[in-house]
Amino acid sequence: MVNKAKQIQSRLERILPGVQKPGRYTGGELNQVVKDWHSVQTTTALVFPDIYDLGMSNLGLAILYDLINQRSDALAERAFSPWPDMEAALRQAGLPLYSLETRHPLAEFDIIGFSLPYETLYTNTLNILDLADVPVFSAERTAEHPLVIAGGHSTFNPEPMHPFIDAFVIGEGEEVIQEIIDVHQEWKTTHGSRSELLHAMSQIWGIYVPSLYQAHYHQDGTFSHLEKRIDEAPLPITKRILAKLPPPTTNLIVPSIDTVHNRVPVEIMRGCTRGCRFCHAGMITRPVRERPVEEIIQAIHQALARTGFEEIGLLSLSSSDYTHVLELINKVSQEFEGRHLSVSLPSLRIESFSVELMDALKDTRRSGFTLAPEAATERMRKIINKPVSTQQLLDTARAIYERGWTNLKLYFMIGHPSETLEDVQAIADLCKAVLAEGRKMVGKKAQVTAGVSTFVPKPHTPFQWVPCDTIEQIEAKQDLLMKELRGRNLKLKWNSPEDTMLEAWLSRGDRRLAQVVYQAWKRGAKFDAWNEHFRYDLWLEAFAAAGLAPEFYTHRERPIDETFPWEHISTTLRKKFLTEDYLWSLQGRTRVDCRERCFACGILPTFADMRRRNPGEVWQCPEVKSKKIKVDDIYGEKPGFIRS
Amino acid sequence: MIREPQISLAIAHHELHKPDNKLDLFTKRSMRIQITFSKKGAMRFTGHLDLHRAWERTFRRAALPLAYSHGYNPRPKMNLASALPLGFTSQCEVIDVRLESELPLTAIQTALERSLPPGIEMIEISEIDLKDPPLQTQLAASEFVITFLDPFPELEARTQELLSADTLPRERRGKTYDLHPLIEELNPLADDGAGHQRLFVRLTALGGATGRPEEVLHAMQYDPLAAHVHRTQLVFSNQ
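Line by line, the protein sequences give chains F and L.
Our numbering numbers the first residue of the first sequence as 328 and each following residue consecutively.
Our numbering numbers the first residue of the second sequence as 8 and each following residue consecutively.
No wet-lab data here; the hints were simulated from the structure.
Hints are all accurate, no fakes.
Simulated pairs of lysine-lysine, DSSO-like, Cα-Cα distance not exceeding 30 Å:
{"hint": "1", "chain 1": "L", "residue 1": "Lys-84", "chain 2": "F", "residue 2": "Lys-658"}
{"hint": "2", "chain 1": "F", "residue 1": "Lys-571", "chain 2": "F", "residue 2": "Lys-903"}
{"hint": "3", "chain 1": "L", "residue 1": "Lys-84", "chain 2": "F", "residue 2": "Lys-348"}
{"hint": "4", "chain 1": "F", "residue 1": "Lys-736", "chain 2": "F", "residue 2": "Lys-713"}
{"hint": "5", "chain 1": "F", "residue 1": "Lys-348", "chain 2": "F", "residue 2": "Lys-849"}
{"hint": "6", "chain 1": "F", "residue 1": "Lys-820", "chain 2": "F", "residue 2": "Lys-772"}
{"hint": "7", "chain 1": "F", "residue 1": "Lys-772", "chain 2": "F", "residue 2": "Lys-818"}
{"hint": "8", "chain 1": "F", "residue 1": "Lys-331", "chain 2": "L", "residue 2": "Lys-47"}
{"hint": "9", "chain 1": "F", "residue 1": "Lys-555", "chain 2": "F", "residue 2": "Lys-515"}
{"hint": "10", "chain 1": "L", "residue 1": "Lys-47", "chain 2": "F", "residue 2": "Lys-362"}
{"hint": "11", "chain 1": "F", "residue 1": "Lys-818", "chain 2": "F", "residue 2": "Lys-767"}
{"hint": "12", "chain 1": "F", "residue 1": "Lys-348", "chain 2": "F", "residue 2": "Lys-820"}
{"hint": "13", "chain 1": "F", "residue 1": "Lys-348", "chain 2": "L", "residue 2": "Lys-182"}
{"hint": "14", "chain 1": "F", "residue 1": "Lys-689", "chain 2": "F", "residue 2": "Lys-767"}
{"hint": "15", "chain 1": "F", "residue 1": "Lys-689", "chain 2": "L", "residue 2": "Lys-84"}
{"hint": "16", "chain 1": "F", "residue 1": "Lys-333", "chain 2": "F", "residue 2": "Lys-362"}
{"hint": "17", "chain 1": "F", "residue 1": "Lys-820", "chain 2": "F", "residue 2": "Lys-689"}
{"hint": "18", "chain 1": "L", "residue 1": "Lys-47", "chain 2": "F", "residue 2": "Lys-348"}
{"hint": "19", "chain 1": "F", "residue 1": "Lys-709", "chain 2": "F", "residue 2": "Lys-736"}
{"hint": "20", "chain 1": "F", "residue 1": "Lys-736", "chain 2": "F", "residue 2": "Lys-767"}
{"hint": "21", "chain 1": "F", "residue 1": "Lys-759", "chain 2": "F", "residue 2": "Lys-689"}
{"hint": "22", "chain 1": "F", "residue 1": "Lys-348", "chain 2": "F", "residue 2": "Lys-362"}
{"hint": "23", "chain 1": "F", "residue 1": "Lys-689", "chain 2": "F", "residue 2": "Lys-713"}
{"hint": "24", "chain 1": "L", "residue 1": "Lys-47", "chain 2": "F", "residue 2": "Lys-333"}
Using the sequences and the hints given, assemble the complete structure.
In structure tokens, the structure reads:
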């Protein structure tokens, strides 16, 4: 084994000088952890299936890397997708993909863990397995192969990847990763079979082993139900959550080359109480849990001393909603003043308070301020449950320009349910109105950048029933925007409709879509998230080869009583809640922030005990005092697809 | 009568935490240091700008008071004497750094040594005069040792050819230039102990007239990717 690593190292000496950005493939950065392989029982390769520059900016991976390496009996190393030039060089030299820390081939690890935050990483995942000489199909792996696991937001609908991944981690990884390693160690001592390992894994809360289930479909192609292959397989598979967030990770690797987010990331809060109906993250990361201000400040001090980063990112889905946000910002600006530190505070609400917050950060670089109205008419904002008035947006914009920012970035989405061209026209009109406010304040320097992406209906959200716009519809809307949003101070950014299609197919796909993923990869699809690599034609060929119709997954309005192929994955949000919210949206009815009133989405009944043990501000859900919580509230509507 | 002391108090309190404030000029002296360091291991694939940032972060970890430029986008006041091409290693890189207050050199050295990233080692540290000209303007030549990873039986012959040529016309970024006058010294060395042949080269390094080791290898018809280049010395005009 050691020889193999040495052999890889010596071949790399010749390969690296000839590829772009060789620093992606060397490891050896400050704070990387290198352990002796003989000193541990479990070796884990953590993989982000895109290039180093992106993967090193993924907070989930950094957290797991630190947690695993804190164990004396386990180690974690990293691997990323090689850029095509490096892939060609590796294949030509007959070298497998290796870990950055010790140059071990990935196939020699006990566990390979993929981070899958979004769907366009699927073909890269297959490509990495192939580069690692690990069979891409789970069924072809033996006890000699690594256990291949995957987690991240996209795995809340794991089905399009079901034959390639041995076990999915549904939900938060901090605790479950420890149990996975424990179970793996136990299994290793018994010299058991692969199916024994998978069986044992399936018994961990939050783990979904797809090979233990079989999917059935109706004649019209819609999903019927999922059948257990063994009695002990859990159904549904409930997502994993932490009762309380642990202190933030401060053992961060400092890349020696530039990366996308080259900074200290600190998650101040997890979850969101806003209930925007299009938002996947807002639905699957409930309940809201906040970190105490002191813990955050402490973590920043520690991380800065260890890394020397010149930027910190205070991360959450909605920064303004963090209970003590003003106190936090004041503390940060006091304690770190004069240290030439830039602080980013993304996801601010559209209100003048947000401007005060940014102002308090005293960042001298007032280049851009970002707001996300998502829709431009009040009708549409009610449908998506983001009720901000146009007046409120204009007032906020004025305050932003007034305080010295010159470029306002506005994020919108086209393709919301029931959207018309008038609603799209309103986006253009609103951008112009905002620019007019800017002109009043800062004159010709005022700029508006409109980032208009296309809405993709996501599983587990109130919009999981709605059809996605067709390419023609999207193009008509984009044409309108391109015609309207012109001029030196008005910029428009958009996604290609083909990218949207890929995301839409995979988001609400079923098990049969795995064949499409495989066929696309076989035809050369990879780096689908990159414009210069994405090949729409290959995906259409793959659909044809698999005998499936792409429209079935995207443009069909799904009946309200349809059973979805991802329903066995439980976010604990009741389908009744999602259905009601969808129907409300059709009537233009909104819900207030659930900090103000609980809508019984399903989180609290499921995790009542956890909430009772963690009272007060730790969670933003109402307190649970009584021990009597009706179990019926949790699974009141016994899902029809559960047939054991 | 009441307002004045209030204002000055406010400034004093506020500005104490702002090390880059002009008031500091009266209370503290700034300082300029020069560090010679080696660049090896994985760090050899860290480019010029990223190396700059690696040093900035080293000073920040060491909690040393780096001086920053003023204005819209403050940058630390530090300069590398000469960009080292990606992939080369070195034992003689030099960086010039401004600190905004004066500290004992030994304290700086200890703090930095604790904070350096893997692949960078400090060889020498000294204080230099604030008014010394920038290092880049003083550079005259660079010396390299090239290790050939593949057997290169023609090494001696090609060396002689290069030295005795009248001109060595080469093209770089669409411009032709003569490499010959930039080669100040060229002679094969004993092998590296692992059976690899080696070559010493000293190349002119003046603004607009900088010789490149990979160009020398091209001129010798040897693939630069199959060689390892190590910078051994920077020659400054004041030395």
